[in-house]
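Colleague: This is what each chain is made of:
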Amino acid sequence: MRAPISPQLRFLLRGSSLLLLLLALWWWVLLPPMLAGLRLSTGAVLWLLPGGRSASGVTVAPNGDWVLRVPIPESMANEDAVQRAYRRAPGAPRVLVRSFKLVIADRIPTFFTLGFPLFWALVLAAPRMPRLWRPVAGGTALLALLAQLSLLLYTAYSIESTLRLATSAAAVSLWGAAEYLNVNVVPYMAPMLIAPWLHTGLREQIFSWNAVATPESAHLGEADKPRRGRYRGRK
Amino acid sequence: MRMARFVLFFGVSLAVLFGLLLAPPTQPPVIRFTRGLVTVSAALIRLFGGQAVAIGDLLENPVNHFAIQMAYGCNGAHVTILLWAAVLAFPASWMQKAKGLAAGTAAIHAVNLIRFISLFYVGQYNRAWFDFAHLYLWESLMMLDTLVIFWTWAYLVRKSGSAEHASAH
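Chains as they are written, first to last, in this note's numbering: chain A, 1 to 235; chain B, 1 to 169.
Think of the hints as simulated: they come from the structure by calculation, not from any bench. Among the clues, some could well be false.
Claimed, not checked - Here are some chain B residues pointing at chain A (derived, C-beta under 8 Å): (1) Ala15; (2) Leu17; (3) Leu20; (4) Thr80; (5) Trp129; (6) Phe130; (7) Leu147; (8) Ala154; (9) Tyr155.
From the three backbone atoms N, C-alpha and C, an ideal C-beta is built for every residue, glycine too.
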């Protein structure tokens, strides 16, 4: 007789298999439309910024890198740090700066879409629950929003570090920490936090605060209850 | 209420631990730890008949001179922090938390060593596969492993709690 497999091991095996599958799907099929969507939404956000209607845009270089034209507000353009960056000579009239051209390596926006396959693998590996589409759709929407915010934060950091707008050491450190977390931590960690938050079945299994159920007193949460006519579990 | 408390403590622990990781005074010990991991990786490869030398944070094949670097974020620190924050926030005794932190950290770093050594071999075989495995696959798998490690520890804590509860009656 086979020993029963623990829910944790089952989740690990299912999650790892699904992750492989979904990462392949993401890489070969979903990534181009996702990046196109992110490019469109980034273009829209830049267009909405002050001065964006005349000087904004997102294009793709032949090597795949993104070229962002970010509108610079007049107040910022007149700052000494910006003027120095644009090599204004002492005593010369102010340089007219309308936008900032920023090149972003294509792996950066790719990173920001990595959360989708990881989130889907976690949710699909979790115990079955009714109306699964709700956490899937909610988490996907949240991750789309997060990808956009992450790209905007990365853009702001790149402009700040190029123009050296931060004046204090603390501000420079804070910007550095924010960029580090934004690129190296958030894309991987966000799906881990969103999945148990939105998937009640997974959350109940991990965090069921009550003591572990014994076979005699086993209590199934709403999410774990077998649906009539669809239960295929082992007895 | 307990969930809200967990979320609060988890968030605070996460912020404090990442603050510590990124603070300048902790950089030298973290770098030493990272180099130690590379040394252990090289020793493990040699133990199993492979060829590798550790040069600081670089793991190099002395034959073809292929080398990979264990960068700051590749030393398992991020997922360790995630696990520590979750364990510290979970309602359990300090002894249980200490055991969870020790065993969980050991498990994470065991997986991370496998990850690093596998990347060392994948990189010598195919650069494109190395990039994919390094940036996307292994990082995601490490996150999944961390969730399962925490889940297993939380299960054991609840189980011991229920056993104590049963023996008290």
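Colleague: Decide, hint by hint, whether the structure agrees.
Modeller: Hints, verified against the model:
1. Ala15: Hint violated; B/Ala15 Cβ to chain A Cβ min 10 Å, cut 8 Å.
2. Leu17: Hint on B/Leu17: violated, closest Cβ of chain A at ~11 Å, above 8 Å.
3. Leu20: With a closest approach of 12 Å, the B/Leu20 hint is violated.
4. Thr80: 12 Å, violated
5. Trp129: 11 Å, violated
6. Phe130: 13 Å, violated
7. Leu147: 6 Å, holds
8. Ala154: At 6 Å from the nearest chain A Cβ, B/Ala154 passes the 8 Å test, so the hint holds.
9. Tyr155: 7 Å, holds
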